[in-house]
Amino acid sequence: MFLLPLTLLLCSSLSWAIHESDVGVIDWHKRLVGVPHAARIIHPENSSLVIVPTANNVLAALNLADGSVAWRYAFDSTDGIASFHVDGDSVVTLSGRGATNLRSFEANTGLITLEKRLEWPLSTGPTAVDVVFASGATFVLNTYSIARLGSGEVEWTWEAEDKSMPYTRLVQTPTGIYAVGLSPTSSSLYLAAVDPVTGGKIQIGWKHLPESVSSFVVAGECAAWVDPASQSLGFMRLTPTLKASIVAEKIMKWQELVDVHLPDLLVGVLTSGDAKVLHAKEGGVLEAVHTFPANDGAHTLFSGGLDNTGEPYVVRLWTTADNTTAAEIFSATHGVAKVAFSLGHGTVTHLAVDGTRLVLTTSTGAVQLWDQNQLIWAREESLASIDVAAFVELPVPERVARVDESETFFARLTRQIGDARYFPEFVVGFAQRFAGAPPREDVIVSANNHSAALARDAYGFRQVLVVGTAHGTVYGLDSSSGEILWARVFGLGWASAVGGTVRPVKIFLVNSEDGADGEKDVVIIAQRKASNTLVDTVIFRIDPVTGASVSPVEKDSGALLEGKDVISGPLTEAFLLPDSDVILLLDEFFQVLPYPDTEANTAVVTRRAPSIFMPFLESFEEGPRVLGHSLKLDPELSDRHVAFRTWGLTLPPGESVKKIVKPTPRPPAPIASLGKVLGNRTTLYKYLNPRMFVVLSEGSGEASIGCGVYVVDGAKGSILYSALVPAAGLGSACDVQATLTENWLVYHYYDGEGVGPGETKGWRVVTVELYEGELDEKTRSSELSAFSLESMQVEPLEQSYVFAHGITAITTTSTKYGISSKDIIVATQSNKINSIPRRLLNPRRPKNRKPTTEEMQEEQLIPYDPVMPDDPRRTISHNYDVVGTRQILTTPALLESTSLVFGYGLDMFLTRVAPSGTFDVLSESFNKAQLVLTVFGLGMGIGITRPMVRRKRLRERWYQ
Amino acid sequence: MSKNLEYSSLESSSKWRNLPPPPGFAKSASSKTTTKKSAPPPSSYDQLKEKRAFDFATAPAKSLPMQAFMLYMSGGGVQIFSMGIVVMLLLSPFKNLAGINEAFVPFAPSTAKDPKAFTTLLGQKLLYVACNALTLAVGLWKCRSMGLLPMGTGDWLAFETRGIAPEISLF
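Residue numbers (UniProt numbering), protein chains in the order written: chain D, 1 to 960; chain C, 1 to 171.
Keep in mind that the hints were calculated from the coordinates and are not lab data. Cβ coordinates follow ideal geometry from the N, Cα and C atoms, glycine included. Worth double-checking, as some hints may not be accurate.
One side only, chain C facing chain D, incomplete, derived with CB under 7 angstroms [unchecked claim]:
id, residue
1, P41
2, P42
3, L148
4, G163
5, S169
Some residues of chain C that are not near chain D, with every Cβ distance over 12 angstroms (derived) [what the hints assert, rightly or not]:
id, residue
6, W141
7, T153
8, D155
9, T161
For each label pair, taking beta carbons as the anchor points, the in silico distance ranges come out as [said to hold, decoys possible]:
id, chain 1, residue 1, chain 2, residue 2, range
10, C, G75, D, E407, 54 to 62 angstroms
11, D, E795, C, K62, 47 to 55 angstroms
12, D, G939, C, K113, 54 to 62 angstroms
13, C, G123, D, L797, 53 to 61 angstroms
14, D, R953, C, S44, 44 to 52 angstroms
15, C, V78, D, N879, 53 to 61 angstroms
16, C, G75, D, E795, 52 to 60 angstroms
17, C, M70, D, R953, 30 to 38 angstroms
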């Protein structure tokens, strides 16, 4: 154990904690909540909040004033939000399997005031839950049972004797607590009246209703429904005896009822298109208080809400024929207000109202607040569900961009004379830079600096981050600040007539077609699922700087982004052919379609086909399998190359493939060193098989055999390295995270098996390095054919460490030339992004002995320590709460030392790291003035002493 | 206040110049004694020279312990002192060997036709070469221990190149 302080000491020289002055300058963090499933506005003291449960399983409160996140709570992935209920100052959620977990949040702060697991009798059917609040207590309904919670304890539980009557709604009136349920099969209305104080049953009953009753709503003391067959509205009053009779209203032709979540208001829609706001009065009477006239629009939505004085509002919103969004807001005291605005793209999916202010969620994942027809704020919440992301370097400014090599002498002369007008600017800039004065932003791009125009900076820290989301949107983000540079919505092509969704699958960077050097286009391959179940593969080719479509060329970049249909059918896989701009698309019949589909590209495919191997996952009845494919051209089958299976990865029985981990970075970075030089100058040659990838498997069935980690050769499917690690627990899923770069594999898992003495449960991180053989033994693996015998000669070195955190994502840093060491970047379950230095993960750390002088000096080896200390200085995300990171993307900056790290999932976080230190930049504290003064002083000294020395020498000559 | 003292005037242009020397003073006393001494016979003179030549040839080896001590004191790091000593150790043998014929001219026997020829004093010269080689070896040994000699494969790793693998796997 005495080695631990030594280890810490040694590590401290290389671990760079983030300086406080760098926070917000080199990094940025965007707190997101996800696309809301619903929205409810509440007014706790001194504030107005929008409470949203979201698609990312987060409950969040947004400040109504500016749209910022007041608080949020990320539920565990196994603990899905079943329902949420608001009551004045508290928000109650039911979550988890069977909606058994109850949490109560303080609305202002988001603090959990109560967290309780409610025990319900098992129900076979679907679970229905409802919550009402009355006189300081909370009543919870769960299908067959009602529980009353007061001051954190379950005071009583009432359980229905007849388990054939599921209840869906809970109603509280001064007379009692009622559970109401509508049977979908037997067209009966189940009712139960329960004493709110004792939990005793008052009465149980059921009412026979006409068949095909739909849109069942409870408001005030009334349960109301519409019978589409007779187009009549039926309702009944809830009394403790349950004896009230059903009243039917048949004069008007009713179509449906809409619950607007107000205590005693509901909306009834007539077949004529009119909509009536119905008031459920005391005594069980429904009265129409307002009529929304019929309109021409589609997508009608109703919503209700209370403003901060408690005044109820009901709003009807629709999209007019000319694609503007119109809304009518009704309140009893303020009458009717009409607003109309243009949403841009998408349709409104959820709506909440507060006075004349509307909070909308759109189908493109945006949350917006409109006041009258003014957009007050907008949140792009689709960024919480990023599917594909890529960094794109900004193009070189035009005037230094490129010199045509064939230009004539006179052309060059005129160009250079023309360029001379920049000379004064250059001199000023040079002098400024020399004097150490600003402009600093030009050099060190700051996250706080939003004003600067989009230009490439000297160090390449500023890049465009192109992200495609599951909601069919694509954004260009400024990597220096996280600002949205442009946002586009995928068009549906022919499917716009029937509707559908577009989901990006892959993203590639290709050189732009007009040939300007360094300029890249972003190619997004997306799957379009039309509402009529047809699936197409569409390619969008975008200019990353402006977001405009490159192919097909578009005039108006404000419209929907239209792509090019390339395959009328689903896509199997898509690959970018290395060292070319050709993308290979595999359709469902495994035919290879080059993109762009030109003669030249077809020729490229034909030429390179014999050397191409494609391993990917295919799903079969018994589960997914990893299969390798080659290409062949069979004119009898198809005029295109067809991929055919050449090998299949056979796993031990009971194991199935879970995931493929591709080697990072993509596209491959140059490899700086072919081996590892040891202290005694001998070399371990790295096993640099460029076809290696990782397959993670999991044991299936009850007797889980563990989780497999395999390194597989992509051309012939042979296993180069394999390990079997225990699953997180008996019967639980495998949660292995792995990353592979060059010859280095790092994986992380939870070991729940260590129960004996000297063993420990906990997370492990394992580092594996693959070598060509023993010391000085080489097979030249990186140029070997996969089918040569020597390619199977692999010598793994591995070590395992106890790690302090569970992780959700893992990757390595990547730099331009691969000279800087590579650190491991992990996103921990404690919502931090950490970097683990390469030195700590060196599998040659000597065990049970001290490293020799040579090893210490030359290799900087530190003694092995089974516990990897949890050093907070390795956190690169400062004190941000980076929630739900699913994926980390790293990309090189122009500086060799620096790598950009972008984590996404729920939140977005970007920073830059320098694994080997910023050896290629002068530190900020470097004293430029001192250097200049010293040089100047030395020059002066020479200038003064030179004539003196010369005179003296002359005199010496004379007197010799 | 400095005054130039011109003693030269005392010698040449003094008025006492023509005075007879004091009694017992002989102006060429020393030259007379040398001439009086009989020169040793050339053979024994050559023997002496040969001996001196041997001494000269083994001189580099004799200074080795001193240099080794200096090397030890200068340490194993790559610094200005250790580098200076190592450079000296590495360069001096070559310098010595380049001037080997000139260096042995004073020791050439009187019988030698051409004192600058390599064949004169061949044995001593070969010994001299060997001793210098010893110095060089010590210098190289020091270089190696400092890690300056490319001895292992690791030193040549940066120059190794690899071609492109015949198969590619797309991911």
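Now the hints, each set against the structure:
1. P41: violated, 45 angstroms
2. P42: Not OK, violated: P42 (chain C) not within 7 angstroms of chain D, min 42 angstroms.
3. L148: violated, 11 angstroms
4. G163: Holds: closest Cβ of chain D sits about 4 angstroms from G163 (chain C), inside 7 angstroms.
5. S169: Since the shortest Cβ distance to chain D is 3 angstroms, the answer is holds.
6. W141: holds, 15 angstroms
7. T153: violated, 4 angstroms
8. D155: Since the minimum Cβ distance to chain D is about 6 angstroms, D155 (chain C) lies within 12 angstroms and the statement is violated.
9. T161: Label violated. Min Cβ-Cβ 9 angstroms, cutoff 12 angstroms.
10. C:G75 / D:E407: 54 to 62 angstroms: About 58 angstroms separates the Cβ atoms of G75 (chain C) and E407 (chain D), which means 54 to 62 angstroms holds.
11. D:E795 / C:K62: 47 to 55 angstroms: holds, 51 angstroms
12. D:G939 / C:K113: 54 to 62 angstroms: This hint holds: roughly 60 angstroms between Cβ atoms.
13. C:G123 / D:L797: 53 to 61 angstroms: holds, 57 angstroms
14. D:R953 / C:S44: 44 to 52 angstroms: Because 51 angstroms falls inside the window, the suggested range holds.
15. C:V78 / D:N879: 53 to 61 angstroms: Since the Cβ atoms of V78 (chain C) and N879 (chain D) sit about 43 angstroms apart, the hinted range of 53 to 61 angstroms is violated.
16. C:G75 / D:E795: 52 to 60 angstroms: This hint is violated: roughly 37 angstroms between Cβ atoms.
17. C:M70 / D:R953: 30 to 38 angstroms: holds, 36 angstroms
When each numbered hint is compared with the structure, violations occur for hints 1, 2, 3, 7, 8, 9, 15 and 16.
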